[in-house]
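**Student:** Between the sequences and the hints, there should be enough to build the whole structure, so can you do that?
The listed protein sequences correspond, in order, to chains G and A. Residue 56 in my numbering sits at position 56 of the first sequence, with consecutive numbering throughout. Residues are numbered in my numbering as their position in the second sequence, beginning at 1, plus a constant of 1000.
None of these hints come from the bench; they were simulated from the model. Small disclaimer: the values here were computed from a predicted structure and weren't measured. Any given hint might turn out to be false.
Pairs of lysine to any residue, SDA-like flavour, derived with a Cα cap of 25 Å [claimed, not checked]:
1) G:Lys-41 <-> A:Ser-1095
2) G:Lys-36 <-> A:Leu-1115
3) G:Lys-36 <-> A:Lys-1058
4) G:Lys-41 <-> A:Ser-1073
5) A:Lys-1049 <-> G:His-26
6) A:Lys-1058 <-> G:Gln-101
7) G:Lys-36 <-> A:Ala-1087
8) G:Lys-19 <-> G:Thr-7
9) G:Lys-40 <-> A:Lys-1058
10) A:Lys-1068 <-> A:Val-1096
11) A:Lys-1049 <-> G:His-29
12) G:Lys-40 <-> A:Ala-1001
13) G:Lys-41 <-> A:His-1075
14) G:Lys-40 <-> A:Ser-1095
15) G:Lys-41 <-> A:Leu-1048
16) G:Lys-40 <-> A:Thr-1105
17) A:Lys-1058 <-> G:Glu-102
18) G:Lys-40 <-> A:Arg-1022
19) G:Lys-36 <-> A:Val-1096
20) G:Lys-36 <-> A:Asn-1024
21) A:Lys-1049 <-> G:Leu-100
22) G:Lys-41 <-> A:Gln-1111
23) G:Lys-41 <-> A:Tyr-1039
24) G:Lys-19 <-> G:Pro-83
25) G:Lys-22 <-> A:Asn-1024
26) A:Lys-1069 <-> G:Thr-7
27) G:Lys-40 <-> A:Leu-1115
Quick look at which bits of chain A chain G covers, simulated, 3 or more residues with Cβ under 8 Å [unchecked claim]:
28) 1028 to 1042
29) 1045 to 1051
30) 1093 to 1106
Residues of chain A placed beyond 12 Å of chain G at every Cβ, according to the derived structure [as the list claims (entries may be wrong)]:
31) Val-1004
32) Ala-1017
33) Val-1019
34) Leu-1020
35) Lys-1069
36) Leu-1115
Note that the Cβ used here is the ideal one computed from N, Cα and C, for glycine as well.
This is what each chain is made of:
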Amino acid sequence: ETGVTQTPRHLVMGMTNKKSLKCEQHLGHNAMYWYKQSAKKPLELMFVYSLEERVENNSVPSRFSPECPNSSHLFLHLHTLQPEDSALYLCASSQGAGGLQETQYFGPGTRLLVL
Amino acid sequence: AQSVTQLGSHVSVSEGALVLLRCNYSSSVPPYLFWYVQYPNQGLQLLLKYTSAATLVKGINGFEAEFKKSETSFHLTKPSAHMSDAAEYFCAVSSVASGSARQLTFGSGTQLTVLP
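**Tutor:** Shown next, in the form of structure tokens:
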């Protein structure tokens, strides 16, 4: 495996389910990100983990819970989601502690549908 | 706060024609700007980025972009469109999220259609 991988690629869940999205990066990076891509809206940063510092977008509901057990793995735990949470969830990684010019590398995304 | 605006959510060009995708930025400090491409059912792939080393930046697949400070623009161009260029294109600006954490702020995207 190379680059950034995400599993599952597709997920359908009910509003009462609990599920987790997984992201793994094989680039030796130190920063990982979750973005949300909804139809007709710009990509939105949800969470960042950089050198063990966690930064979150204050507008993200608490039904989304990230976990970063090490610099290679990132999870997004989902519970009691709403239909408006249906979107493409993209994971990215970057070198971390670099300048503003450092590139973020994206995974293929998980397409989530909440029924 | 930094932001980018992409003019035109949909652009159609004929195969072989010039591609021009527009991006304007708003930033109080020298910006670091990126163009990403997203093919159907895939993640984002970096096309090119501006890091102040040169105002004309060449990227992959024959794309290039020119940073114009006076116009606060970073438009993406390709001299001759190919059918395989059909995708969605995103302009983004980098900023500090907090401490060592960085974030990209994206434009709303431009869907490029290439007509045979």
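**Student:** With reference to the structure, classify each hint as holding or not holding.
**Tutor:** Results of checking the hints against the structure:
Between Lys-41 (chain G) and Ser-1095 (chain A), the direct Cα distance comes to roughly 20 Å. Compliance with the 25 Å bound is thereby established for this hinted pair. With a CA separation close to 30 Å, the supplied pair Lys-36 (chain G) and Leu-1115 (chain A) exceeds the 25 Å bound. Proposed proximity of Lys-36 (chain G) and Lys-1058 (chain A) is contradicted: the alpha carbons are some 28 Å apart, above 25 Å. Taking the CA atoms of Lys-41 (chain G) and Ser-1073 (chain A), the gap is near 21 Å; set against the 25 Å cutoff, the hint holds.
Straight-line distance between C-alpha atoms of Lys-1049 (chain A) and His-26 (chain G) comes to about 22 Å, which keeps the hinted pair within the 25 Å bound. For the given pair, Lys-1058 (chain A) sits about 15 Å from Gln-101 (chain G) by alpha-carbon distance, which is consistent with the 25 Å threshold. A threshold of 25 Å between alpha carbons decides the hint, and for Lys-36 (chain G) with Ala-1087 (chain A) the separation of about 19 Å falls inside it, so the pair holds. Between Lys-19 (chain G) and Thr-7 (chain G) the CA atoms are separated by roughly 11 Å; this keeps the pair inside 25 Å, and the hint holds.
Restraint check for Lys-40 (chain G) and Lys-1058 (chain A): not satisfied, since their Cα atoms lie roughly 29 Å apart, outside the 25 Å limit. For the given pair, Lys-1068 (chain A) sits about 23 Å from Val-1096 (chain A) by alpha-carbon distance, which is consistent with the 25 Å threshold. Among the hinted pairs, Lys-1049 (chain A) with His-29 (chain G) is consistent with the structure: their alpha-carbon atoms are about 19 Å apart, no more than 25 Å. Among the hinted pairs, Lys-40 (chain G) with Ala-1001 (chain A) is consistent with the structure: their alpha-carbon atoms are about 22 Å apart, no more than 25 Å.
Distance hint between Lys-41 (chain G) and His-1075 (chain A) is fulfilled; the C-alpha atoms sit about 21 Å from each other, no more than 25 Å. For the hint linking Lys-40 (chain G) to Ser-1095 (chain A), the alpha-carbon distance of about 23 Å falls within 25 Å, and the restraint holds. The hinted pair formed by Lys-41 (chain G) and Leu-1048 (chain A) meets the criterion: a straight-line CA distance of about 23 Å does not exceed 25 Å. Simply put, Lys-40 (chain G) and Thr-1105 (chain A) have alpha-carbon atoms about 15 Å apart, close enough for the 25 Å limit, and the pair holds.
Distance hint between Lys-1058 (chain A) and Glu-102 (chain G) is fulfilled; the C-alpha atoms sit about 17 Å from each other, no more than 25 Å. Restraint check: the Cα-Cα separation between Lys-40 (chain G) and Arg-1022 (chain A) comes to about 18 Å, which is no more than 25 Å; the hinted pair holds. With a C-alpha separation of about 19 Å, the suggested pair Lys-36 (chain G) and Val-1096 (chain A) falls inside the 25 Å cut-off, and the hint holds. Restraint check for Lys-36 (chain G) and Asn-1024 (chain A): the C-alpha separation of about 23 Å stays at or below 25 Å, so the hint holds.
For the given pair, Lys-1049 (chain A) sits about 11 Å from Leu-100 (chain G) by alpha-carbon distance, which is consistent with the 25 Å threshold. For the proposed pair Lys-41 (chain G) and Gln-1111 (chain A), the alpha carbon gap of about 13 Å is at most 25 Å, so the pair holds. The suggested pairing of Lys-41 (chain G) with Tyr-1039 (chain A) holds, with an alpha-carbon distance near 17 Å, which does not exceed 25 Å. Pair hint Lys-19 (chain G) plus Pro-83 (chain G) holds up; C-alpha atoms about 15 Å apart against a cutoff of 25 Å.
Pair hint Lys-22 (chain G) plus Asn-1024 (chain A) does not hold up; C-alpha atoms about 34 Å apart against a cutoff of 25 Å. For the suggested pair Lys-1069 (chain A) and Thr-7 (chain G), the alpha carbons sit about 41 Å apart, so the restraint of at most 25 Å is broken. As the CA atoms of Lys-40 (chain G) and Leu-1115 (chain A) are separated by approximately 23 Å, the hinted pair is consistent with the 25 Å bound. Under a criterion of three residues with beta carbons nearer than 8 Å to beta carbons of chain G, the stated coverage of the segment 1028 to 1042 of chain A is upheld, 5 such residues being counted.
Chain G is given as covering the segment 1045 to 1051 of chain A, and this holds because 4 residues of the stretch bring a CB closer than 8 Å to a CB of that chain, at least three being needed. Counting residues of the segment 1093 to 1106 of chain A whose beta-carbon sits less than 8 Å from any beta-carbon of chain G gives 13, enough to reach three: the coverage restraint holds. Distance check for Val-1004 (chain A) against chain G: the nearest CB is about 9 Å away, which does not clear 12 Å, and the non-interface claim fails. Under the 12 Å C-beta cut-off, the non-interface status given to Ala-1017 (chain A) relative to chain G holds; the minimum distance is some 27 Å.
Taking the minimum C-beta to C-beta distance to chain G, about 21 Å, the non-interface status of Val-1019 (chain A) holds against the 12 Å cut. Listed as outside the interface, Leu-1020 (chain A) is consistent with that label: its C-beta sits roughly 21 Å from the nearest C-beta of chain G, beyond the 12 Å cut-off. Every Cβ of chain G is farther than 12 Å from the Cβ of Lys-1069 (chain A); the closest lies at roughly 16 Å, confirming the non-interface assignment. Every Cβ of chain G is farther than 12 Å from the Cβ of Leu-1115 (chain A); the closest lies at roughly 24 Å, confirming the non-interface assignment.
Hints 2, 3, 9, 25, 26, 31, counting from the list given before, are not met by this structure.
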